[in-house]
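Visitor: Sequence:
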Amino acid sequence: MTPNTARRRETSRRAILTAAFDLLQETGYAKLSIEGIAARAGVGKQTIYRWWPSKGAVIFDAFLMLSEATEGGPPTLPDTGDLAADLTVVLRATVEEMNDPRYEQPMRALATEIALDPELAAAYAERLDGPLKEAKRQRLRSAQQAGQIADDVDLGVAVDMIWGPILNRWLHRSGPLTAEYADLVVSTALNGLRPRRSAE
Numbered sequence: 001m002t003p004n005t006a007r008r009r010e011t012s013r014r015a016i017l018t019a020a021f022d023l024l025q026e027t028g029y030a031k032l033s034i035e036g037i038a039a040r041a042g043v044g045k046q047t048i049y050r051w052w053p054s055k056g057a058v059i060f061d062a063f064l065m066l067s068e069a070t071e072g073g074p075p076t077l078p079d080t081g082d083l084a085a086d087l088t089v090v091l092r093a094t095v096e097e098m099n100d101p102r103y104e105q106p107m108r109a110l111a112t113e114i115a116l117d118p119e120l121a122a123a124y125a126e127r128l129d130g131p132l133k134e135a136k137r138q139r140l141r142s143a144q145q146a147g148q149i150a151d152d153v154d155l156g157v158a159v160d161m162i163w164g165p166i167l168n169r170w171l172h173r174s175g176p177l178t179a180e181y182a183d184l185v186v187s188t189a190l191n192g193l194r195p196r197r198s199a200e
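Residue numbering for the sequence shown follows full-length UniProt numbering, beginning at 1 and increasing consecutively.
Warning: the hint list may mix true and false statements.
With a straight-line cut-off of 30 Å between C-alpha atoms, the simulated BS3-like cross-links for lysine-lysine are [as the list claims (entries may be wrong)]: (1) K55 / K133; (2) K55 / K31; (3) K45 / K55; (4) K31 / K45.
Calculated from the structure, these hints are not laboratory results.
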């Protein structure tokens, strides 16, 4: 592949992913189609099918493109030495993102596709969710080494305990998703994770 061909291919790829993300917000997931994405991006439908097997796969790659643009490297969590403060910052930011109308439709569409498509779920776990979970475990591992979390706590389960309630409430619309709720999740989780003090 020549450099010019590679550049054209990357330009087309980004146009397709941008078109998918924009259309998803404009029309909603039910009305989103490969034909519509192709028309908006100015490419042939066969071009999209050559690179992606489904519209769910297109949506997923659009999210990856967005995260690469905003993160600029592997995900990391703040580590100031104050675990409660760091988790509060991260969970409040998560709540803000989930409540952002620009991202809610695309995130819900992706969640739907992941639930229905095992291959997409595996790709999501490997390429996006896996690195994010490792960053979360690393922050908790640092707290564990500092004696802020008990040595015998399973960090994978701890990640689920801290982030799971936020995702569950958002996914099922089971209650208001607020900064106050994020703060409560952090305090409740950490009260159960702190090392037990022996009686004096």
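Visitor: Could you run down the list of hints and mark each one as holding or not?
Guide: Against the structure, the hints:
The straight-line distance between the Cα atoms of K55 and K133 is roughly 25 Å, inside the 30 Å bound, and the hint therefore holds. Between K55 and K31 the CA atoms are separated by roughly 11 Å; this keeps the pair inside 30 Å, and the hint holds. As the CA atoms of K45 and K55 are separated by approximately 11 Å, the hinted pair is consistent with the 30 Å bound. The straight-line distance between the Cα atoms of K31 and K45 is roughly 16 Å, inside the 30 Å bound, and the hint therefore holds.
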